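These are the residues of each chain, in order.
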Amino acid sequence: MKIISVCLRFIPFLTIVFTMFVGCTLRIAGTPLCPALFLIPSYYWILFRPDWSLLWSLFAAGLFYDSLMGYTLGLSSFLLLLSAFLGQYIRPLVITYYFPFVWGGFGLYSFGYLIVYGFSIEGNLMLVLSWLYSLMLYPIVAWWLSHLQNRLPSYV
Amino acid sequence: MAFFSRHQKIGPPKPTANPYPSRFQKWRSSLGITFFSILVMGAALRFYKPFYHGIQQGLFETTATTQGVLNSPFQALHHFFNDIVLSLSLRQDYALLQAENEVLKEQLQVLKPLQHENEVLKKSLKVTAFERHGHLTARVLSNPYDGMHHFFLIAAGKKEGLEKDQAVIVPTGVVGRLETVGTYVARVLLLNDARSRIPVMTENSAQKAILAGDGSHMPTLVYVGDVRKIRRGEKVVTSGLGGIFPAGLSVGVVDDITNGKISVRLYVAFHTLEWVHLLKPYTAEFLEEFTTGLENE
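Which chain is which? The protein sequence lines are C and S, in order.
Residue 1 is where the first sequence starts when you use my numbering, and the numbers rise one by one after that.
Residue 157 is where the second sequence starts when you use my numbering, and the numbers rise one by one after that.
Calculated from the structure, these hints are not laboratory results.
From a predicted model like this one, the values you see are computed outputs, not experimental measurements.
Glycine included, each C-beta is placed from N, C-alpha and C at the ideal position.
Do not rely on the hints blindly, as some may be mistaken.
[To be verified] What the simulated footprint calls covered on chain S by chain C, stretch by stretch (three residues with Cβ under 8 Å from a Cβ of chain C suffice, anywhere in the stretch; the number is not a length):
(1) 215-226
(2) 292-306
(3) 335-349
Take the sequences, apply the hints, and build the full model.
This is how it looks when you write it as structure tokens:
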């Protein structure tokens, strides 16, 4: 039982990496969904299960993204760790029963992330479009993640 | 009844989370300290080059392979639907290909004597015949894209004898070059990526230039010999300089010339590629001979 509960702690890492690896090949009308798409699981777990989203897993996910895309290693890790660090202070303000409020929080978080990211790698308009797509996809992905969060422990 | 009930010894209480953690425990669980230590480790990785490159290479291989495996079901599904669409238009394609084949046969009849004449002339002029390029075919694993970099991953690597900077082509034209080579996977930098630079020349006006990718689907020609001589619709081919791409490979056509900026429309539609050819690199002797020839010129 202890092994299973330890395995559950890997769910955030696995969902982030899965969204990252599958999402980076997806496009809507030629516009990529990444990097904004993998921010959805990152934000969700930082907000709702900070005890599951271990810092090391965020660090590793960032390294994976950078190496896959051919960037200098460390930028995404740094931004994800910064998100986790700031997340603990912002969490009490954002977490409410009203979904639109959480959704809006994601909009602000991902926008901030993409601004810093865009400045670091000379990003372009594609980043803004990817942000808009991720905003639209947030409810679906969050619904899927909430099922993982609530149902899996109950099965265990 | 008390005689039958077994005496139960009360054991020690089960351990629970300490409600009053010590200062050390607080420090250990502190998010800020963990954050700082990861940053320090990251900085050490970044600035100690050999260690950094080793990690970078290992991570690339792991992520590229995992990404390829994760994507394979989606890719199979995509191919399945593509096959259905293709089979629906099979009869029409067959008729088109038959007509095209007839035309090509006629052209071949005309070309055969010309080819023979070309060989005889080359012999009489003593033109050096360089070793023809062999090639290797590899499957495209996936094409990750985040709006900045244009590349894709192929299922071949050092195991197949690939090396960095090898030319990647398809029958329609040049695709790009190998940027990173792992043991089983490699990353192909496409021509329209902002980091891509290849030496080219225009076919009719014979102007040498560099084809520079800018992230858009139309790369531009820079360092052009004489911009005024280049015409719209002119074919752009590789010049053979630099020793990566052999001369004469099709790249694209000049699409637009505005204020000295020459845009090239590439022949290859990158998003439709499933297989690519990798040209074997030049031998050291050839490169030496080539460099000497260039220096003399």
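Hint-by-hint comparison with the structure:
1. 215-226: holds (count 8)
2. 292-306: Satisfied; 8 residues make the cut.
3. 335-349: Held - the segment 335-349 of chain S has 3 residues with a Cβ nearer than 8 Å to chain C, which meets the minimum of three.
Going down the numbered hints, you'll see the structure goes against none, and every one checks out.
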